[in-house]
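Heads up: the sequence lines are chains A and B, in that order. Mapping the first sequence onto full-length UniProt numbering, position 74 (from 1) lands on 74, and the numbers just tick up by one. Mapping the second sequence onto full-length UniProt numbering, position 32 (from 1) lands on 32, and the numbers just tick up by one.
Honestly, the hints are just simulated from the structure, not real lab data. Quantities reported herein were computed from a predicted structural model and do not represent experimental measurements. Mixed in with the good hints there might be a few duds.
[To be verified] Simulated crosslink set (PhoX-like; lysine-lysine; CA at most 20 Å straight-line):
(1) A/K148 to A/K22
(2) B/K331 to A/K220
(3) A/K203 to A/K49
(4) B/K148 to B/K49
(5) A/K331 to A/K341
(6) B/K185 to B/K331
(7) A/K203 to B/K220
(8) A/K220 to B/K342
(9) A/K342 to A/K331
(10) B/K341 to B/K331
(11) B/K331 to B/K342
(12) A/K185 to B/K203
(13) A/K331 to A/K185
(14) B/K185 to A/K243
(15) B/K203 to A/K203
(16) A/K48 to A/K203
(17) B/K148 to B/K48
[Said to hold, decoys possible] A short, non-exhaustive set of chain B residues, derived as facing chain A with CB atoms under 8 Å:
(18) M71
(19) V128
(20) K185
(21) S187
(22) M240
(23) G245
(24) Y257
[To be verified] If we take Cβ atoms under 10 Å as the criterion, some of the chain B residues that face chain A in the derived model are:
(25) R30
(26) T130
(27) N190
(28) A192
(29) R198
(30) Q199
(31) D204
(32) V263
(33) A297
(34) F299
All C-beta atoms, glycine included, are put in the ideal place defined by N, C-alpha and C.
As a plain string of letters, each chain reads:
Protein chains: 2
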Amino acid sequence: MPESIPADSVGLVTPETITFDKPLTLVCGRVLHGYQLKVETYGTLNTKKTNAVLICHALSGHHHAAGYHSMSDRKPGWWDNYIGPGKPIDTNELFVVSLNNIGGCHGSTGPTTINPETGKPFGPDFPVVTVTDWVNTQAMLADYFAIKQWAAVIGGSLGGMQALQWSMAYPERLRYALIIASAPKLSAQNIAFNEVARQAIMKDEDFHGGRYLENSTYPKSGLMLARMVGHITYLSDAAMRSKFGRDLRSGHLNFNYDVDFQVESYLRYQGEVFSEGFDANSYLLMTKALDYFDPAAEFNGDLTAALADTQCKFLLISFTTDWRFSPERSKEIVDALLNAKKEVSYLEVDAPEGHDAFLLPINRYKQAFHAYMNRIIREVA
Amino acid sequence: MPESIPADSVGLVTPETITFDKPLTLVCGRVLHGYQLKVETYGTLNTKKTNAVLICHALSGHHHAAGYHSMSDRKPGWWDNYIGPGKPIDTNELFVVSLNNIGGCHGSTGPTTINPETGKPFGPDFPVVTVTDWVNTQAMLADYFAIKQWAAVIGGSLGGMQALQWSMAYPERLRYALIIASAPKLSAQNIAFNEVARQAIMKDEDFHGGRYLENSTYPKSGLMLARMVGHITYLSDAAMRSKFGRDLRSGHLNFNYDVDFQVESYLRYQGEVFSEGFDANSYLLMTKALDYFDPAAEFNGDLTAALADTQCKFLLISFTTDWRFSPERSKEIVDALLNAKKEVSYLEVDAPEGHDAFLLPINRYKQAFHAYMNRIIREVA
Numbered sequence: 001m002p003e004s005i006p007a008d009s010v011g012l013v014t015p016e017t018i019t020f021d022k023p024l025t026l027v028c029g030r031v032l033h034g035y036q037l038k039v040e041t042y043g044t045l046n047t048k049k050t051n052a053v054l055i056c057h058a059l060s061g062h063h064h065a066a067g068y069h070s071m072s073d074r075k076p077g078w079w080d081n082y083i084g085p086g087k088p089i090d091t092n093e094l095f096v097v098s099l100n101n102i103g104g105c106h107g108s109t110g111p112t113t114i115n116p117e118t119g120k121p122f123g124p125d126f127p128v129v130t131v132t133d134w135v136n137t138q139a140m141l142a143d144y145f146a147i148k149q150w151a152a153v154i155g156g157s158l159g160g161m162q163a164l165q166w167s168m169a170y171p172e173r174l175r176y177a178l179i180i181a182s183a184p185k186l187s188a189q190n191i192a193f194n195e196v197a198r199q200a201i202m203k204d205e206d207f208h209g210g211r212y213l214e215n216s217t218y219p220k221s222g223l224m225l226a227r228m229v230g231h232i233t234y235l236s237d238a239a240m241r242s243k244f245g246r247d248l249r250s251g252h253l254n255f256n257y258d259v260d261f262q263v264e265s266y267l268r269y270q271g272e273v274f275s276e277g278f279d280a281n282s283y284l285l286m287t288k289a290l291d292y293f294d295p296a297a298e299f300n301g302d303l304t305a306a307l308a309d310t311q312c313k314f315l316l317i318s319f320t321t322d323w324r325f326s327p328e329r330s331k332e333i334v335d336a337l338l339n340a341k342k343e344v345s346y347l348e349v350d351a352p353e354g355h356d357a358f359l360l361p362i363n364r365y366k367q368a369f370h371a372y373m374n375r376i377i378r379e380v381a
Numbered sequence: 001m002p003e004s005i006p007a008d009s010v011g012l013v014t015p016e017t018i019t020f021d022k023p024l025t026l027v028c029g030r031v032l033h034g035y036q037l038k039v040e041t042y043g044t045l046n047t048k049k050t051n052a053v054l055i056c057h058a059l060s061g062h063h064h065a066a067g068y069h070s071m072s073d074r075k076p077g078w079w080d081n082y083i084g085p086g087k088p089i090d091t092n093e094l095f096v097v098s099l100n101n102i103g104g105c106h107g108s109t110g111p112t113t114i115n116p117e118t119g120k121p122f123g124p125d126f127p128v129v130t131v132t133d134w135v136n137t138q139a140m141l142a143d144y145f146a147i148k149q150w151a152a153v154i155g156g157s158l159g160g161m162q163a164l165q166w167s168m169a170y171p172e173r174l175r176y177a178l179i180i181a182s183a184p185k186l187s188a189q190n191i192a193f194n195e196v197a198r199q200a201i202m203k204d205e206d207f208h209g210g211r212y213l214e215n216s217t218y219p220k221s222g223l224m225l226a227r228m229v230g231h232i233t234y235l236s237d238a239a240m241r242s243k244f245g246r247d248l249r250s251g252h253l254n255f256n257y258d259v260d261f262q263v264e265s266y267l268r269y270q271g272e273v274f275s276e277g278f279d280a281n282s283y284l285l286m287t288k289a290l291d292y293f294d295p296a297a298e299f300n301g302d303l304t305a306a307l308a309d310t311q312c313k314f315l316l317i318s319f320t321t322d323w324r325f326s327p328e329r330s331k332e333i334v335d336a337l338l339n340a341k342k343e344v345s346y347l348e349v350d351a352p353e354g355h356d357a358f359l360l361p362i363n364r365y366k367q368a369f370h371a372y373m374n375r376i377i378r379e380v381a
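Excised from the complex, chain A in its bound form:
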């Protein structure tokens, strides 16, 4: 709980739910007959509507990116380190829009939503959604706010893929794309980890083919395992070493399967907490959106060709110890942009924290991010 709201916080925020009645045809071919987006905004849209910034969330993210929902919140939004008055995404200057994507489980239309055709939760019947679908709904959201062009679309990890997709799908509708700790597509190893997570969920006896809500159960163990696997890939080996090493929880080995090492305790706890707050069908959908993202595929694998029609300027940021989406993956995008003769800046941040670094307050990252955002603010103010 914040005893008082910090001065550089956006403060108490209230999400809103925005309803879209127009049917949405998804990449998979299925149609959503209307949908809702849960959204938070921070700062004020200027009269020319030129200072709007879109925040795209990663696998387990949502609309609550900054500030607090109440004075009893233990933590602020997930990117509070970077969004607020005087922060890199400066809410004194910018109008920040953050949403929960469709297929999610934090208020936007997704598997836990009641399917109007059946009167029951969509559950496993919710269609497989893609990054392209998300960007299309985000474009509708821009229309809702009468924003013709985003000053910037910004995201980390899966969020960075959305920023990249924006640059290709709606080239004239963003001035800048900030793509952080991301990749142009998953590697076989990335897909393999996602598949383990999916199998863990789907093989849980309480999964019931995805109809656990109807059965008043929940695949808690499966989701916990999925998160444990994921969590290992978010931390670097070095970060785990400095955080836990081989420290024993009780000072001695148990010679049984209770927790011996601190790292086991930490992972179990992370899995436990996550499994209580996230919908399993949503988790499956998010991993598939990751697996399917491959904008170069339509261009015979030629990412340069895929990026040929982009008009925005790009900032790519990667972190040295990120082994989920290593710096090499960001450089693939940078190289393709350079080949396509686009304006791109690239920063590789020396940080021990692994993939999670993109969420954390790291000086060099913060300074570079801030400087780049100031340049955008000067252009759009």
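With chain A's structure known, arrange chain B on it following the hints.
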């Protein structure tokens, strides 16, 4: 099935079961009142008994390291690439002993063995065994064959840890230790992956607290997941990329949770096959033996001090793309041995195959291994 036995194979082999009646006090404090070891031998012990080599197996290994059990075997033993007439571990010159460790599930005393005190399988009551315990039983095995000193103790991965332990526990009983793709202890990340595997098994509804045999069930899904996670860590990112890339199994995306990518199909298959042939309680035991191995712990973390009394010569081999036990982990052992003024050779093999490389026929590895073994043979013949 081999149509005919290759000329450089040890041929058809028959394992034997050796019974030890003397009680064994384990590191955990519990006592095994006798135990059996399942063993294969290849080649002939010379009259001076100086040409014996011990092969130590890794997590999922066993006694069947080379040759065939019958003409209908699809594959030879797990290290057939390196054991046989004219191969690096040359059975024309050496007497090779390969065993299944206690706690295993391939014929040595372990969780599937009937506990004489209850008349039921030990199951989860089988004590947690350590690398030290294994080495102690292997010393009893040496006594059984009247082998005072091994020409070499050789192992990869967890097998390498046993070779390292031999050098410290019985310094005068081996001339050489060959430690391949191994580490002086697990990292926090290694332990984390093991913990995911254990949780996958223990949370399977069919685990029944480890008493699945009594309940006529089997935690197949859990073991499958455990193996899938493990398998990802055995392959390098590069190996997965060149093997599968993002190839689609059916040429198109399914937009459901069937297999889309070849890598998913491969992993599911690997998990499936493994889960049919391995005991879940044994898997738990093997991962704990890995987690617990830390010979420097008794010396305040000083590996050099732990190795002070070793008398054998050492060969360490690592593989560039092995991220389970990276070359840095082998170098920790090399550095400690050099500090302790021991004779050590080290080879880092440039190989794309990741941790699995130690099992595969790789020219440079094979040549160096062969040359080193020839030196041993010249000494002991």
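Query raised in the report: When the hints from earlier in the document are held up against this structure, which numbers fail?
Result: Violated hints (numbers, rising): 2, 3, 8, 12, 16, 18 and 34; every other hint is consistent with the structure.
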